[in-house]
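Trainee: Sequence lines, in order, name chains D and L.
Take the first sequence: its position 303, counted from the start at 1, is 289 in my numbering, and no numbers get skipped.
Take the second sequence: its position 215, counted from the start at 1, is 201 in my numbering, and no numbers get skipped.
The hints are all genuine.
For chains that are exact copies, the list does not tell them apart, and a pair is met inside one copy or across any two.
Distance condition first, Cα-Cα at most 20 angstroms in a straight line; then the derived DMTMM-like pairs of lysine to aspartate or glutamate:
no.	residue 1	residue 2
1	K170	D72
2	K170	D150
3	K170	D156
For the record, the hints were derived by calculation from the structure and aren't laboratory data.
Everything numeric in this text was worked out from a predicted model, so none of it was measured.
Protein chains: 2
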Amino acid sequence: MLLVVGSVALDSVETPFGARDDALGGSATYFSAAASLLAPVHVVGVIGDDFPLAELDFLRRRGVHLDGLERVSGRTFRWRGRYGYDLNAAQTLDTQLNVFEHFEPRLDARALAAERVFLGNIDPELQLRVLEQVQRPRLVCADTMNYWISSKREQLLKLLPRIDVLMVNDAEARQLAGESNVMKAAAAIEKMGARSVCIKRGEYGALLVSGSEAFFAPAFPLATVVDPTGAGDSFAGGFLGLLDRMSGSDLAALRQAVVMGCTIASFTVEAFSLDRLRDLTLAEVRARFEAFRTPTDHEALHASIP
Amino acid sequence: MLLVVGSVALDSVETPFGARDDALGGSATYFSAAASLLAPVHVVGVIGDDFPLAELDFLRRRGVHLDGLERVSGRTFRWRGRYGYDLNAAQTLDTQLNVFEHFEPRLDARALAAERVFLGNIDPELQLRVLEQVQRPRLVCADTMNYWISSKREQLLKLLPRIDVLMVNDAEARQLAGESNVMKAAAAIEKMGARSVCIKRGEYGALLVSGSEAFFAPAFPLATVVDPTGAGDSFAGGFLGLLDRMSGSDLAALRQAVVMGCTIASFTVEAFSLDRLRDLTLAEVRARFEAFRTPTDHEALHASIP
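Pulled out of the complex, with its shape left as it was, chain D reads as follows (with noise of 0.2 angstroms):
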């Protein structure tokens, strides 16, 4: 079973192809909508009174649970954006915590058991928090992000050694890491105790580092593309669901995992906020994984140069 906790919130963007008030978003949203095609969800997270509950019911159907989201006399997070023509650069234009600014995570006795955990992109404390109260966790990934990275780095590099993935953008290894090289910036992260690190970049695809062994997947080519937020949550999303259904954690694993990361981001960001996660199916999902083959086929071709 897998637990995340992170944000449920209320997103305002505006992309070159339209725009969105207060619709669905958030890391736990996102990262669970993804998830719950392939395993089993539990969310710890929290909502003011605010929030439009029934706009949860297709998490709860696909069997998320949802008791760990604490629903609070406020208001909800909410975040309000903007991208240009580049959709790998989000322009953040207002960010409320609200809700979110005094929330202190509670997990229940399913949550403390959980095999597979997500830390959102939260304050580090928070996350350290979380994850101290996890019996056995069998794997533990973690999103920050510059804000932390800066204002919080002594409680990150806590964090670190108890991190199998770090998920982070080139910005953010970089930053964490003080250096320009992302390879070497992935190894300095690795020396700050995290397993792996799994760099995100966007219409790029992925990267995990994992000790001496790097493995790359290609976004999956698309012709639409219309708003890129939660493409990092949902990546997180399909690859933990995907070591979750496998029960598997090795260097082959975690590649067909982050295979599965950039398929699932890859239905997210053809729609604004939620709405493709909302109906997607895993016969979808498994189409879009088996289409991964052809750009990706680089092994028939090594066989021979003369």
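Here the structure of chain D is known, so what remains is to put chain L in place on it, guided by the hints.
Mentor: Then chain L, alone, in the frame of chain D:
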């Protein structure tokens, strides 16, 4: 036999890792140094009487034919550029065409019989004039840039139907097609007449789009990147060099050629100017080409999603 037309230049480059003044550079130079490890190359270009000819001795020793490299009175083409820590983006500080300004490519009998042609990044009018002279080319690749796309669009559109593989970066593909999505841009460029489009993405590798097929190769994971100048032209050299060596032009051969392009380009960027290419051996190239297996081994992964 390969024919390349392009610049043989003196570059002054500054990166976070050092600087060089009036070092050997130019698209035809990088291309030849890369391609000649795999196949015979004939260069068409022009240098001034200030050019240090001994700098090209290593190319001659590698079997590069330089009879088509005219030496005229005047100064050699010079480029001055700077890279920040984001080595994907060069800032051009100065371009002096010098003897290149009145360059009129002349092809001798040997050049006219070339089977594979690389039209380096020069005025599309010149590219077309060279191509019209080649008797029966089996495969033609061309590079171009933002300047030509905006100032010589009409001539470029005349060239495209004669091109097998257009090699451009993301931004150039978008500009040429007037389309922000790279997959749609590639499809649009194919409609303009190019048979395939190869999109060079610096540290993110390369993407080959040919009809409905897409193929990705990552950049080889490097812990040392010193100077990205010439990576694209070395890529083209590895790409066409392998195709010439294998006499191949089907999709499987093109894919293998993309990996070879990435392989040789990965050596280029490890040092300033052509320093790393100068003594590079085919054995080293083979070894790194083989080492590409690990980070791109997707094939074994697709066996079974439970």
